[in-house]
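Chemist: Construct all of the structure, not just a fragment, from the sequences and the given hints.
Chains as they are written, first to last, in UniProt numbering: chain A, 1 to 443; chain B, 1 to 443.
If you're looking for bench data, these hints aren't it; they were derived computationally from the structure.
Identical chains blur together in the list; that is why a pair holds if it fits in one copy or across any two.
Below 30 Å or equal to it, Euclidean Cα-Cα: the simulated DSS-like pairs (lysine-lysine) are:
#: 1; residue 1: 131; residue 2: 17
#: 2; residue 1: 250; residue 2: 240
#: 3; residue 1: 131; residue 2: 14
So you can see what is in the structure, the chains are spelled out below.
2 protein chains.
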Amino acid sequence: MNTDVVNTDVNETKTLKVALLGCGNVGSQVARILLEDADTLAARTGARLELVGIGVRTIDAPRDVELPRELFTTDSESLVAGADLVIELMGGIEPARSLILSAVRHGACVVTGNKALLAQDGPTLYEEADKAGVQLSYEAAVAGAIPILRPIRDSLSGDRITRVLGIVNGTTNFILDQMDSTGAQFEDALAEAQRLGYAEADPTADVEGHDAAAKAAILAALSFHTRFSLDDVYCEGITKVSATDIAAAKDAGFVIKLLAIAEKLTDDAGDEGVSVRVHPTLLPREHPLAAVRGAFNAVFVEAENAGELMFYGQGAGGTPTASAVLGDLVSAARRIVLGGPGRTETTTGHVPALPISASRTSYHVGLRVADQPGVLARIAQVFSDNGVSIELFRQSISSADQSAELRIVTHRASEADLAATVASISQLDVVQDVTSVLRVEGV
Amino acid sequence: MNTDVVNTDVNETKTLKVALLGCGNVGSQVARILLEDADTLAARTGARLELVGIGVRTIDAPRDVELPRELFTTDSESLVAGADLVIELMGGIEPARSLILSAVRHGACVVTGNKALLAQDGPTLYEEADKAGVQLSYEAAVAGAIPILRPIRDSLSGDRITRVLGIVNGTTNFILDQMDSTGAQFEDALAEAQRLGYAEADPTADVEGHDAAAKAAILAALSFHTRFSLDDVYCEGITKVSATDIAAAKDAGFVIKLLAIAEKLTDDAGDEGVSVRVHPTLLPREHPLAAVRGAFNAVFVEAENAGELMFYGQGAGGTPTASAVLGDLVSAARRIVLGGPGRTETTTGHVPALPISASRTSYHVGLRVADQPGVLARIAQVFSDNGVSIELFRQSISSADQSAELRIVTHRASEADLAATVASISQLDVVQDVTSVLRVEGV
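Modeler: Structure, rendered in structure tokens:
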């Protein structure tokens with residue numbers, strides 16, 4: 001007996017029509033749960049959530065879950081026109097964008113997991129939803145099953161977020177974790193991720209950081225009450241991270257993670273701005289994010305009053321992501337049942353997005369240099385000339401070719417100063433190669 | 001320039017009156033933020049949140065924050081009668097309970113952090129709030145700054161939670177962490193916690209698990225959509241955890257944490273129930289909760305679709321807890337501004353609370369036995385007779401007194417079977433002492 005639905009106080013007469021657009025990995029699980037857990041969802045919501053149709057491109061495409069054939073339609077536009085709640089899980093820009101706008105104008109609440117669309121054209125969608133007085137929810141768009149957007153939007157609404165650091169791409173976290181634990185090179189770890197289904201055949205969107213960048217834009221917008229788009233995000237992937245980088249980081253007590261970062265900075269004039277960026281980052285091994293292994297996701301939030309918070313869980317996968325979609329759906333449905341309009345977000349702050357050159361972190365710089373007297377002094381002079389303070393020098397000498405490996409950790413410096421330092425250093429005759437430049441967070 | 005409040009779309013004419021009851025550690029920080037961040041909060045909310053008064057017992061008591069004297073009053077009843085939003089941070093049962101009921105009946109939304117009151121008499125308060133169509137929010141009551149109740153109530157509203165494991169008391173986590181990292185005895189770690197302000201002069205409520213038990217009842221109610229009270233919670237504190245227990249756990253790859261646990265169990269007849277309990281628990285060192293150090297809190301949630309989630313942050317302290325209070329306040333105020341009633345919780349499930357004897361975990365049993373042939377076999381027979389399967393035996397022999405220390409880890413067994421096993425074992429002539437019985441989770 002499932003006691004979850006006994007003696008409910010549900011108004012059994014009320015039914016809300018739900019249209020699902022897209023029936024891939026996540027969509028098919030959402031459909032399954034809507035059908036299987038209908039009674040529980042009705043008890044939670046105060047109304048029955050009736051799946052009236054699934055809009056797809058091809059009715060007879062193979063799916064993860066067996067679903068009643070009569071639910072499928074290729075006429076998504078008609079489906080949307082008759083729905084109280086629309087779930088968009090098609091992905092991509094069009095026709096997703098037009099269908100969402102159509103749903104909103106018909107007065108339906110919309111739940112979407114479409115990070116690319118939100119990062120590119122979110123503001124238009126939010127405005128239309130506000131105008132229509134309907135909710136547009138998108139918890140599934142960032143970090144899969146992890147409740148992170150609602151806590152930022154609601155739970156932290158009386159606080160000031162100062163920084164967000166997120167492991168928001170499971171593919172790259174799996175690859176970097178493999179490299180860290182096995183010493184594998186990037187290519188081999190990627191192949192392993194592909195073999196296990198954690199990476200796609202074309203892994204570009206993940207390994208180049210584009211997926212994380214879209215999520216960074218969404219996190220930044222909610223955290224700083226300001227509209228940011230993908231163009232505001234500096235993006236660097238993990239394809240250049242080598243086994244040597246990982247080993248050197250490990251040796252120094254660090255782990256390398258691909259982080260989505262949004263942080264508020266104040267310049268010397270006291271003006272505020274937000275740096276939004278994605279890049280491989282060194283984290284101390286005792287940092288809570290360092291323990292996030294495999295394909296898991298986590299978002300670390302720093303706020304003025306709350307201090308440090310972390311949210312951890314599964315960032316992808318059909319069933320976990322479907323949980324986030326259904327949480328949004330039930331919340332929107334409760335709002336409809338109880339009455340009252342919804343407001344999607346507040347964007348009353350207008351902090352500018354800052355270029356990557358304005359960000360300040362510590363750096364871990366690897367150099368191959370000639371093993372001769374005076375080299376350290378000359379290199380240290382270049383750092384000093386550019387206003388970059390060195391925290392740590394580490395040298396290992398290879399007797400084979402009379403070269404030495406240098407690893408330098410700096411104190412916090414601006415990206416611009418560090419770039420100038422690296423440019424000058426690479427001009428020195430004693431420097432054979434700048435083998436790596438990596439940012440450090442969490443120290 | 002604080003750009004957060006430039007160009008707001010705030011309706012400056014609307015003002016909501018906020019009454020604060022209690023001005024201790026958390027209350028004084030809430031008052032400070034309401035006054036200092038008034039413009040930002042107005043931008044977030046769509047209305048000004050005007051602190052109209054602070055109800056206290058003694059107007060001139062010393063406080064953490066300097067606040068305008070004219071705000072203070074000893075007439076809390078009148079203060080509540082004129083407020084749109086009431087924040088209750090007095091603690092204790094009365095007069096907090098009467099004032100909350102009065103506020104609700106006057107049509108005010110209420111934010112409280114009063115876990116003892118909610119665990120004892122929550123159902124009455126929720127019913128009154130529902131009847132009056134106002135919101136009763138209490139994020140601050142569990143795990144301080146960590147957004148955990150809203151994610152459970154809203155983000156996971158389309159999922160089925162199966163288990164919640166929480167480190168929800170910072171004092172006991174600090175003490176156990178000290179014991180783990182320094183080898184200290186309980187009494188010394190407690191004294192250190194008191195010296196650093198992490199434990200009160202009378203630490204009973206924390207170290208006996210009562211504080212965690214109230215939070216366990218609240219977490220269980222929200223997770224399983226059923227009303228649970230403090231009486232439904234089995235509670236065992238940490239006063240009997242010895243340095244030897246900690247060392248033995250460490251040696252076996254475990255850490256000991258005081259966990260608040262709520263989990264759904266199904267008996268052989270297929271009937272469901274919920275076990276709600278607080279006790280010292282062994283966790284594998286690689287479990288995400290094992291890394292929660294010092295006075296930090298974290299709540300680990302397992303749900304059917306979402307899988308494993310963890311929420312981590314500061315569980316106490318005036319400023320962090322004030323962040324949670326203000327998140328609730330802004331959310332309630334937004335609801336008032338936008339219109340529409342609020343529903344506090346859904347309790348449409350009616351799963352019974354189970355006694356501790358119904359819970360099933362692994363156990364770590366320590367025995368001092370005579371070092372003579374046949375002892376292991378006799379002990380193993382007792383476990384087997386009671387249906388408890390042994391996963392691991394570990395023996396260390398002390399040649400001094402011809403006794404041996406045995407450490408036994410069992411497979412999952414019912415609390416009743418384990419209790420019967422321990423009772424029989426302690427009757428054996430070869431057993432000198434049962435030195436510890438500890439539950440294991442996360443394996």
